[in-house]
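Undergrad: Next come the chains, spelled out residue by residue.
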Amino acid sequence: MLPILDEVIHQPRLERMHRFMREREAIAAQTARRTIAEKLADVKDRASLEIVLNDVCYHESQRFRTSRDIDVNDEKLRGKLNRLRKGLRNLSESELRAALEDLVRAYVDDINGNFNPAVFMLASRVVPVGLSLLFSPLRLGRSLADLGQLRERVLIEGQTADLERLAQRGTVVLVPTHLSNLDSIVIGFALERAGLPPVTYGAGKNLWSNPILGFFMRHLGAYRVDRRIKAPLYKDVLKTYSTVLLERGYHSLFFPGGTRSRSGAIESHLKLGLAGTAITATVNLFARGEMRPLYFVPATINYHLVLEAATLIDDFLQEAGKSRYIIEDDESTQITRVARYLRDMLRSGGSMTIQFGEPLDVLGHRVGPDGESYDDRGRRIELRPFFTVGGPHGEVRHDAARDAEYTRELGERIVRAYHAETHVLATHLVAFALHRMLLRAAGGKADLFRVLRGEEHAAPLPVPEVLATIDRVQQALHERARRREVRLGSRVAQGTPQEILDEALGYFTLFHQTPTVRREVRPDVAGGDCLVVEDRPLCYYYHNRLTSYGLEGVA
Amino acid sequence: MPGGQRERVGILGAGAFGRALARVALRRGTEVVLWSRREDVQLPAGVVRAADLAGVAEARLLFLCVPAAHMRPLLRALGDVAHGGHLMVHAARGLGPGGEPVSAMVREETPIRRVGVLAGPLVPGELEAAMPSAIVVASRYPEVPVAARAALAQDELRVYGSDDLAGVELAAALMTVIALAAGVAAGLGGGISTRALVVTRGIAQAARILEALGARARTLAGLGGVGEVFVTAAGMESPDYDLGVKLAQGMSLEAGLAALGRSAEGPEVARQVAALCRDKGVTAPIFSGVAALVAGERTLRDGVKVLIGGPALNE
Numbered sequence: 004m005l006p007i008l009d010e011v012i013h014q015p016r017l018e019r020m021h022r023f024m025r026e027r028e029a030i031a032a033q034t035a036r037r038t039i040a041e042k043l044a045d046v047k048d049r050a051s052l053e054i055v056l057n058d059v060c061y062h063e064s065q066r067f068r069t070s071r072d073i074d075v076n077d078e079k080l081r082g083k084l085n086r087l088r089k090g091l092r093n094l095s096e097s098e099l100r101a102a103l104e105d106l107v108r109a110y111v112d113d114i115n116g117n118f119n120p121a122v123f124m125l126a127s128r129v130v131p132v133g134l135s136l137l138f139s140p141l142r143l144g145r146s147l148a149d150l151g152q153l154r155e156r157v158l159i160e161g162q163t164a165d166l167e168r169l170a171q172r173g174t175v176v177l178v179p180t181h182l183s184n185l186d187s188i189v190i191g192f193a194l195e196r197a198g199l200p201p202v203t204y205g206a207g208k209n210l211w212s213n214p215i216l217g218f219f220m221r222h223l224g225a226y227r228v229d230r231r232i233k234a235p236l237y238k239d240v241l242k243t244y245s246t247v248l249l250e251r252g253y254h255s256l257f258f259p260g261g262t263r264s265r266s267g268a269i270e271s272h273l274k275l276g277l278a279g280t281a282i283t284a285t286v287n288l289f290a291r292g293e294m295r296p297l298y299f300v301p302a303t304i305n306y307h308l309v310l311e312a313a314t315l316i317d318d319f320l321q322e323a324g325k326s327r328y329i330i331e332d333d334e335s336t337q338i339t340r341v342a343r344y345l346r347d348m349l350r351s352g353g354s355m356t357i358q359f360g361e362p363l364d365v366l367g368h369r370v371g372p373d374g375e376s377y378d379d380r381g382r383r384i385e386l387r388p389f390f391t392v393g394g395p396h397g398e399v400r401h402d403a404a405r406d407a408e409y410t411r412e413l414g415e416r417i418v419r420a421y422h423a424e425t426h427v428l429a430t431h432l433v434a435f436a437l438h439r440m441l442l443r444a445a446g447g448k449a450d451l452f453r454v455l456r457g458e459e460h461a462a463p464l465p466v467p468e469v470l471a472t473i474d475r476v477q478q479a480l481h482e483r484a485r486r487r488e489v490r491l492g493s494r495v496a497q498g499t500p501q502e503i504l505d506e507a508l509g510y511f512t513l514f515h516q517t518p519t520v521r522r523e524v525r526p527d528v529a530g531g532d533c534l535v536v537e538d539r540p541l542c543y544y545y546h547n548r549l550t551s552y553g554l555e556g557v558a
Numbered sequence: 060m061p062g063g064q065r066e067r068v069g070i071l072g073a074g075a076f077g078r079a080l081a082r083v084a085l086r087r088g089t090e091v092v093l094w095s096r097r098e099d100v101q102l103p104a105g106v107v108r109a110a111d112l113a114g115v116a117e118a119r120l121l122f123l124c125v126p127a128a129h130m131r132p133l134l135r136a137l138g139d140v141a142h143g144g145h146l147m148v149h150a151a152r153g154l155g156p157g158g159e160p161v162s163a164m165v166r167e168e169t170p171i172r173r174v175g176v177l178a179g180p181l182v183p184g185e186l187e188a189a190m191p192s193a194i195v196v197a198s199r200y201p202e203v204p205v206a207a208r209a210a211l212a213q214d215e216l217r218v219y220g221s222d223d224l225a226g227v228e229l230a231a232a233l234m235t236v237i238a239l240a241a242g243v244a245a246g247l248g249g250g251i252s253t254r255a256l257v258v259t260r261g262i263a264q265a266a267r268i269l270e271a272l273g274a275r276a277r278t279l280a281g282l283g284g285v286g287e288v289f290v291t292a293a294g295m296e297s298p299d300y301d302l303g304v305k306l307a308q309g310m311s312l313e314a315g316l317a318a319l320g321r322s323a324e325g326p327e328v329a330r331q332v333a334a335l336c337r338d339k340g341v342t343a344p345i346f347s348g349v350a351a352l353v354a355g356e357r358t359l360r361d362g363v364k365v366l367i368g369g370p371a372l373n374e
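Protein sequences, first through last, are from chains A and B. Read in order, the letters of the first sequence are residues 4 to 558 in the numbering used here. Read in order, the letters of the second sequence are residues 60 to 374 in the numbering used here.
Honestly, the hints are just simulated from the structure, not real lab data. Possibly wrong hints are sitting among the right ones.
Stated by the list, open to error - Once the Cα atoms are required to be at most 25 angstroms apart in a straight line, the calculated SDA-like pairs of lysine to any residue come out as:
| id | chain 1 | residue 1 | chain 2 | residue 2 |
| --- | --- | --- | --- | --- |
| 1 | A | Lys242 | A | Gln478 |
| 2 | A | Lys238 | A | Arg27 |
| 3 | B | Lys339 | A | Arg443 |
| 4 | A | Lys47 | B | Pro201 |
| 5 | B | Lys339 | A | Lys242 |
| 6 | B | Lys339 | A | Ala471 |
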């Protein structure tokens, strides 16, 4: 096997995955036992048990009616629920319990996946083939060279040495921003390159059927999350599964944005269901007297260009955007598109930057390199008293309302970290300047959608004015970077406005179907040198990365 | 008490309010340990005086009863002995120097997360005389009002809960400005209807401010809003109202405060809120009027007009 491919799936990584493989059945069994026990403790009588089951029947029949693809597991579940719904009223309490247990086990199996060790071993030998598949449109020699480059082009910033130590001392919950389906792969590369252990990851079920990504999912220690299932019982099972993984010390990856950012903006509203399981796990660990802490590590993944940008912004701009969680037919499902994207990015010297932020404990306190928690005044903090009743040394207890509030506050800290750890790249800055200028040219009260459709007449943008706008925004960004509110990519930090513009235009003519922005010489404009924004929605998409820094007035 | 164990609370501050709260808690059967920076204050019988902040921090539930101006240094020192197991309820009427609520200050200076605010139409004398009354304790953590109720509630004192921490903190602060304005109106010779005008318009403007800051305007209809201003705008138990009267009599702010002999939160709150309204584009003439008045930028030559603003539009 070629050494470079050998490295991709190198030994220690496999060993970690072997543990996941060995324990997988035990994890499933523990998840089922715990969910059933908690549910039965909640339901006090036959009637409330019937309500829980009826709820599952209702939500699932809705899903089966509207969902396009139903797999074998779903078919089995559908049959099961049909029978259950018909007989629900006549079942005895013990029969209802049996039905609940049966449903929980079915959901656990769906999340856990039908994991077959023999298949895993086979597949891990096939991985290199899968990787070269990514580059199938290219000649083999070329693709291998590109692959090597890819590994170099994933730049990693942040205190990875500290993270390595924390990963030994406790359990790491990695919470990155989410722009692309490539994120989980890029994170996988980054963890490996930084010498950090692999993570388990709840990958959307749609990714598993994606011809490219599904391949990786099976090897990233992923379990399956079906976001189409709305039944609360399923969500309980999923949360318990995640809690069990964390309690067993599995490092985990969540995307708290819940889904790829449709608008391209940095996430500001998080879905904290899975993040909340870290608090549940912490309380359980304290209650058992185990002192293995959990650490949240916010991270940003920064791309000059985003593979699925065109589809995502299109989805965002349509009314459907809000409800369409799962896009099954975007650029990430097309092997040629993915390959072209990677090739183009690599040839242009592009890179992807993973910025690891400062680690936080489950309550959002800063964690020092020593693994201890510190408050804003730098004083060391004990976590246990936050979860006790009747004094700091009292008994540790779950409290749903309290923990929901702790989770919400943690979410605020993560959002703050996302903003502070985001790298502003040339494409963001130039798109921001251009989009603001388009809006201004269309008049103060211009309707965004008209501007995006190109219905508002806008004069071509003279390059000197563009450069002046870039300059102003760059100055304002420098100021915010000094206050540690944002990070600047190297070109934005050190380049002249002209250099920033050139780099961005280089990218913009690169990958997307039509060049997002092109140069044009217009004899009717002074100086003649102008820019025309060809793809306004895409320009808007890259602009959105900077919308939360209060730069609108500056531009 | 359930389990036979008596509740215990810590109170910081031995002003009129801290002492009244101590008596109420004692009457409920709650143990009280009180810390005051002044050693000469006479404490109610049965109250244990804490030797230092560590002493008061032995209680799980802490009531913070000191003026907003003294808050930060005290909290910073308390932060050294406080821990994540504490619940804290503050009774401040003011805002921090940057217009930040006191709960934010608690979060910055101490490890305490479970913070609440206590507000309502409190008259220490009536509280001690066991006349039926009510307060609200607001926190985003439901355990905080529950604990406050366990420590204080009795037949004569109903303890309501709320989850609108920001709303109750702001409402209580804004009411001090309305009380001051009501004092001005009274001092200028206005009648009860003039005061009603000031109070009603003040509440309408306060509602805009709460909404602009992400709190619920409905909270103003509660004990921390209308409940509180019902007492203070009537001229009872309100240094702000008294200050307003003195300003109307032509005293400067300094002279008024000196004559009052106690602190009033209204002038500082008005200054911060007026700045906030400018930032957020909120129109609140009573608040900006009081701010201009205490800053000496406006006089009362035109009478109460300085507080009322432009022509009357729809309510």
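Undergrad: Name the hints, by number, that the structure is in violation of.
TA: Going through the list in order, the structure violates hints 1, 5 and 6 and respects the others.
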